[in-house]
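*Asks:* These protein sequences, in sequence, are chains Y and E. In terms of the working numbering, the first sequence opens at residue 1 and continues consecutively. In terms of the working numbering, the second sequence opens at residue 1 and continues consecutively.
Hints are computed from structural coordinates only; laboratory data are not their basis. Be aware that a few hints might be false.
[Stated by the list, open to error] Straight line, CA to CA, 25 Å or less: simulated BS3-like cross-link-like pairs of lysine-lysine:
{"#": "1", "chain 1": "Y", "residue 1": "K125", "chain 2": "E", "residue 2": "K53"}
{"#": "2", "chain 1": "Y", "residue 1": "K69", "chain 2": "Y", "residue 2": "K25"}
{"#": "3", "chain 1": "Y", "residue 1": "K59", "chain 2": "Y", "residue 2": "K69"}
{"#": "4", "chain 1": "Y", "residue 1": "K63", "chain 2": "E", "residue 2": "K4"}
{"#": "5", "chain 1": "Y", "residue 1": "K59", "chain 2": "E", "residue 2": "K71"}
{"#": "6", "chain 1": "Y", "residue 1": "K87", "chain 2": "Y", "residue 2": "K47"}
{"#": "7", "chain 1": "Y", "residue 1": "K59", "chain 2": "Y", "residue 2": "K125"}
{"#": "8", "chain 1": "E", "residue 1": "K71", "chain 2": "E", "residue 2": "K2"}
{"#": "9", "chain 1": "E", "residue 1": "K4", "chain 2": "E", "residue 2": "K53"}
{"#": "10", "chain 1": "Y", "residue 1": "K63", "chain 2": "E", "residue 2": "K2"}
{"#": "11", "chain 1": "Y", "residue 1": "K125", "chain 2": "Y", "residue 2": "K47"}
{"#": "12", "chain 1": "Y", "residue 1": "K69", "chain 2": "E", "residue 2": "K71"}
{"#": "13", "chain 1": "Y", "residue 1": "K87", "chain 2": "Y", "residue 2": "K25"}
{"#": "14", "chain 1": "Y", "residue 1": "K59", "chain 2": "E", "residue 2": "K2"}
{"#": "15", "chain 1": "E", "residue 1": "K71", "chain 2": "E", "residue 2": "K4"}
[As the list claims (entries may be wrong)] Far from chain Y, some chain E residues (derived; all Cβ distances over 10 Å):
{"#": "16", "residue": "L6"}
{"#": "17", "residue": "G10"}
{"#": "18", "residue": "G16"}
{"#": "19", "residue": "N40"}
{"#": "20", "residue": "Q51"}
{"#": "21", "residue": "A58"}
{"#": "22", "residue": "Q61"}
{"#": "23", "residue": "P69"}
{"#": "24", "residue": "G73"}
[What the hints assert, rightly or not] Computed, partial: chain E to chain Y, Cβ under 7 Å:
{"#": "25", "residue": "A9"}
{"#": "26", "residue": "V28"}
{"#": "27", "residue": "A32"}
{"#": "28", "residue": "G43"}
{"#": "29", "residue": "W45"}
{"#": "30", "residue": "T83"}
{"#": "31", "residue": "G85"}
Remember, predicted model here, so these are calculated numbers, not experimental data. Ideal Cβ placement from N, Cα and C applies to all residues, glycine included.
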Amino acid sequence: MPVRIQTQDFDAGAEIAALRGSNSKIGAVASFIGVCRDANGGGAVAKMTLEHYPGMTEKALEKIVAEAKSRWNVMDVLVIHRIGELKPTDQIVLVVVAGAHRGEAFAACEFIMDYLKTRAPFWKKEQTPSGARWVEARVSDDEAAQRWEPPKSSAA
Amino acid sequence: MKIKLLYFAGLREEVGTRGEDLEVSPEVTTVAGLRALLMNRGGAWQTALAQGKALRVAVNQEIAQAATPVKPGDEVAFFPPVTGG
């Protein structure tokens, strides 16, 4: 399965080795790991809880992976996203893309993360010294995702 | 017609429920109509679903728009903009 939602931690090295297997066509592996910070927007974060929409999350991520594979010549993709309670330094998300060459692997990896941040139904709630708060969506994340939109045909 | 409604994250907390099976009049045919129906409950519903509030809707687990049709048996979810990753 290219997409996994789980509460437990992941071992990026083991996941990458499993994805590569013995495929001698692979010449590039790009990966991204998102990690829980101890501060956000100037406030201290003691821990966070990740909620998601079971069913839609998997569908949304599978659609993003399928789109990445249609746009770039990459062979294998893995996305792992954790849910539940996480504390600073904990790993949150892993994206691994394996392909023949680095350019396409890098681009597909960044695309998947940008789309995941704006289209996959996850929500973070942070515990801070002044109480719990839901993380607000960032305009910069929308802008990052928009970079990948196909150029609109200009009306004459 | 019966619609399965789901609420997530901050919106779930505001309205105080994770979801419900709702019997809806056949006059409600779109996401916008459903939203208006829920807002008519007043109180937290009106505030949480108010126009201008950042809100996303999914119909049958696909992102939907105000004009997206709703049919009997559909699963409709309301939630804030997503913040994973």
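*Asks:* For every hint, state whether the structure bears it out.
*Replies:* Hint check:
| no. | hint | verdict |
| --- | --- | --- |
| 1 | Y:K125 x E:K53 | holds, 19 Å |
| 2 | Y:K69 x Y:K25 | holds, 16 Å |
| 3 | Y:K59 x Y:K69 | holds, 15 Å |
| 4 | Y:K63 x E:K4 | holds, 23 Å |
| 5 | Y:K59 x E:K71 | holds, 21 Å |
| 6 | Y:K87 x Y:K47 | holds, 4 Å |
| 7 | Y:K59 x Y:K125 | holds, 23 Å |
| 8 | E:K71 x E:K2 | holds, 8 Å |
| 9 | E:K4 x E:K53 | holds, 22 Å |
| 10 | Y:K63 x E:K2 | violated, 28 Å |
| 11 | Y:K125 x Y:K47 | holds, 9 Å |
| 12 | Y:K69 x E:K71 | violated, 33 Å |
| 13 | Y:K87 x Y:K25 | violated, 38 Å |
| 14 | Y:K59 x E:K2 | holds, 24 Å |
| 15 | E:K71 x E:K4 | holds, 11 Å |
| 16 | L6 | violated, 7 Å |
| 17 | G10 | violated, 4 Å |
| 18 | G16 | holds, 15 Å |
| 19 | N40 | holds, 25 Å |
| 20 | Q51 | holds, 18 Å |
| 21 | A58 | violated, 6 Å |
| 22 | Q61 | violated, 4 Å |
| 23 | P69 | holds, 18 Å |
| 24 | G73 | holds, 15 Å |
| 25 | A9 | holds, 4 Å |
| 26 | V28 | violated, 22 Å |
| 27 | A32 | violated, 20 Å |
| 28 | G43 | violated, 20 Å |
| 29 | W45 | violated, 18 Å |
| 30 | T83 | holds, 4 Å |
| 31 | G85 | holds, 4 Å |
The structure shown violates the earlier hints numbered 10, 12, 13, 16, 17, 21, 22, 26, 27, 28 and 29.
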